[in-house]
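**Q** Chain residues, written in single-letter form:
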Amino acid sequence: MTGLNISEVAVFAILAIIAISAALGMLLSNNSVYSALFLVVNFGVVATFYVILGAPFIAMAQVTVYAGAIMVLFLFVIMLLGAERIQKSRHDLPWQRPMSIVLIALLLTVTFYVVVNQNDSGPLLSQNLTSYGSPSAVGQLLFQEYILPFEVTSILLLAAMIGVVVLTGVTKRRRRARRSRRL
Amino acid sequence: MLSIIIEALIKSVLVAFVLLTAFAYLTFAERKIAALMQVRRGPNRVGPWGLLQPAADGIKLIFKEEFTPAGADKTLFFLAPILTMIPALVIVAVIPVGPDVEMFGRTIRLGISDLNVGLLYILAIASIAVYGIVLAGWSSANKYALLGGLRASAQMISYEIALGLSIMGPVMLAGTLSLQGIVLAQQSSTWYVVWQPLGAMIFLVAGLAELNRAPFDMPEAEQELTAGYFTEYSGMKFSLFFMGEYIKMVAVSAIATTLFFGGYLGPFINEFPWLGIFYFAGKTMAFLFLMIWIRLTLPRLRYDQLMAFGWKILLPLALFNVVITATGIVLFN
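Sequence order for the protein chains is A and B. Per my numbering, the first sequence starts with residue 344, numbered consecutively. Per my numbering, the second sequence starts with residue 54, numbered consecutively.
No lab work stands behind these hints: they were computed from the structure. Be aware that a few hints might be false.
Label pairs and their calculated CB-CB ranges [what the hints assert, rightly or not]:
#1 A:455 <-> B:127: 47 to 57 Å
#2 B:157 <-> A:368: 38 to 48 Å
#3 A:494 <-> B:382: 16 to 26 Å
#4 B:382 <-> A:437: 54 to 64 Å
#5 B:167 <-> A:360: 25 to 35 Å
#6 A:479 <-> B:352: 40 to 50 Å
#7 B:99 <-> A:395: 46 to 56 Å
#8 A:374 <-> B:69: 31 to 41 Å
#9 B:287 <-> A:364: 47 to 57 Å
#10 B:124 <-> A:361: 27 to 37 Å
#11 A:494 <-> B:114: 51 to 61 Å
#12 A:460 <-> B:127: 43 to 53 Å
#13 B:356 <-> A:361: 37 to 47 Å
C-beta atoms are modelled at their ideal positions from N, C-alpha and C, and glycine is treated no differently.
Whenever a hint applies, use it, and build me the whole structure from the sequences.
**A** So this is what it looks like as structure tokens:
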């Protein structure tokens with residue numbers, strides 16, 4: 344354990360407690376608006392972790408995309424539908440609860456395995472740690488080393504975008520149908 | 054280490070003080086300018102030329118009754134004004150208001166911080182600024198307020214994209230995301246509004262929409278939604294919303310100045326670095342005047358026009374601007 348001092352551990356501990364409480368709050372809250380807000384807090388804390396780890400670019404992207412864009416849309420939909428209160432309905436999926444237990448067990452096993460088998464080789468890349476997470480470094484990696492996965496991801500997003508346009512777009516036929524209905 | 058913390062603290066307190074004063078006198082300036090343009094006298098009773106009017110308004114608002122509606126969600130109703138106010142204050146942390154100066158035997162940066170992801174920081178804060186408004190609308194348990202909150206979230210999400218794309222122009226030209234870097238790059242070339250006229254215009258329009266200022270003030274359209282998301286608010290909570298909006302106006306003007314109009318640059322800046330503050334304040338005030346002018350001139354857009362304009366005109370234009378800028382840089386560099 345090199346390079347750890349008391350203040351770093353203290354900051355980490357405080358942030359970790361906030362992150363875990365926010366995650367629990369999200370799961371246990373009955374009101375879905377509060378659930379969404381707890382998730383925003385959680386994203387914010389994770390972004391702070393990125394800053395501490397020397398990756399400001401990822402941190403800002405995390406806040407902009409997840410806390411800022413996606414969660415605002417979540418809130419928008421919750422409020423638009425008035426779906427704040429969760430009620431027990433007969434449409435609950437019966438296999439969800441056992442499935443979640445299986446998945447939690449799997450996650451804990453993997454985490455345990457990683458923690459036990461980690462090789463403590465000290466801090467990686469200590470010489471260029473300051474520039475490692477900078478925007479230009481991330482850009483270089485994305486557009487040179489990982490250009491293929493990057494482009495594949497962008498095509499995936501494009502497909503999703505076109506899908507939305509096709510599903511919601513008003514076609515000529517539909518417009519005519521609407522007009523005839525009005526008459 | 055301690056001296057750095059003390060320096061940052063002093064600067065933060067100063068910035069907060071300046072912003073709050075700016076808020077007070079911006080409301081006064083808006084009323085005076087409106088009066089001037091509509092051939093009225095405007096506030097002129099409190100103090101000489103009505104100059105103490107903001108203080109009188111503040112005292113009045115402090116002593117007003119704070120009312121919480123019966124069906125309101127108490128926690129969020131209380132939190133929403135604070136959540137609107139905080140992003141407005143913290144967003145200016147990365148804006149440089151002058152070059153480095155020597156004081157007390159040390160070099161002091163005129164600006165709280167200079168992040169290497171400064172512009173992304175601004176985008177990040179701008180993107181979480183919508184929460185206060187949306188939550189205010191939802192927690193009030195009022196149909197008008199809820200509609201205002203919904204409109205605000207849809208509008209701010211839509212215009213954020215054009216805003217983000219419009220600031221890519223200066224970033225590409227300067228080759229850095231740091232605001233200090235962008236200002237210094239403009240010193241060696243020229244103001245970026247010369248190279249980026251379209252980008253600057255898109256930034257201003259999208260910025261006005263992000264602020265919910267006229268002609269984009271759909272979330273608080275008086276004739277349709279009484280007062281939109283802050284219908285149920287009164288007293289200090291109401292004035293926090295007001296403060297948030299006006300401080301955001303200052304912030305957007307300051308960012309536009311930094312990105313497109315050379316920030317604190319001006320004649321004799323190298324000989325007298327303190328002049329930078331005055332140049333910066335002057336340019337920011339010019340933008341504030343422009344915003345007030347626009348509000349007094351243009352009528353409000355209809356909601357569907359607003360959405361269509363954002364997605365079908367502004368966003369393609371912003372994308373086009375990015376492509377043109379990139380092509381130009383590749384060709385002429």
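**Q** Next, verify each hint and record whether it holds.
**A** Hints, verified against the model:
1. A:455 <-> B:127: 47 to 57 Å: Violated, since residue 455 of chain A and residue 127 of chain B (Cβ atoms, about 42 Å apart) do not stay within the stated range.
2. B:157 <-> A:368: 38 to 48 Å: holds, 46 Å
3. A:494 <-> B:382: 16 to 26 Å: Given a distance of about 22 Å, which is inside 16 to 26 Å, the answer is holds.
4. B:382 <-> A:437: 54 to 64 Å: holds, 59 Å
5. B:167 <-> A:360: 25 to 35 Å: Since the Cβ atoms of residue 167 of chain B and residue 360 of chain A sit about 31 Å apart, the hinted range of 25 to 35 Å holds.
6. A:479 <-> B:352: 40 to 50 Å: Given a distance of about 45 Å, which is inside 40 to 50 Å, the answer is holds.
7. B:99 <-> A:395: 46 to 56 Å: holds, 50 Å
8. A:374 <-> B:69: 31 to 41 Å: holds, 33 Å
9. B:287 <-> A:364: 47 to 57 Å: violated, 33 Å
10. B:124 <-> A:361: 27 to 37 Å: holds, 30 Å
11. A:494 <-> B:114: 51 to 61 Å: Check passed, 55 Å falls within 51 to 61 Å.
12. A:460 <-> B:127: 43 to 53 Å: holds, 49 Å
13. B:356 <-> A:361: 37 to 47 Å: This hint holds: roughly 38 Å between Cβ atoms.
Consistency with the previously given hints fails for numbers 1, 9, ordered from lowest to highest.
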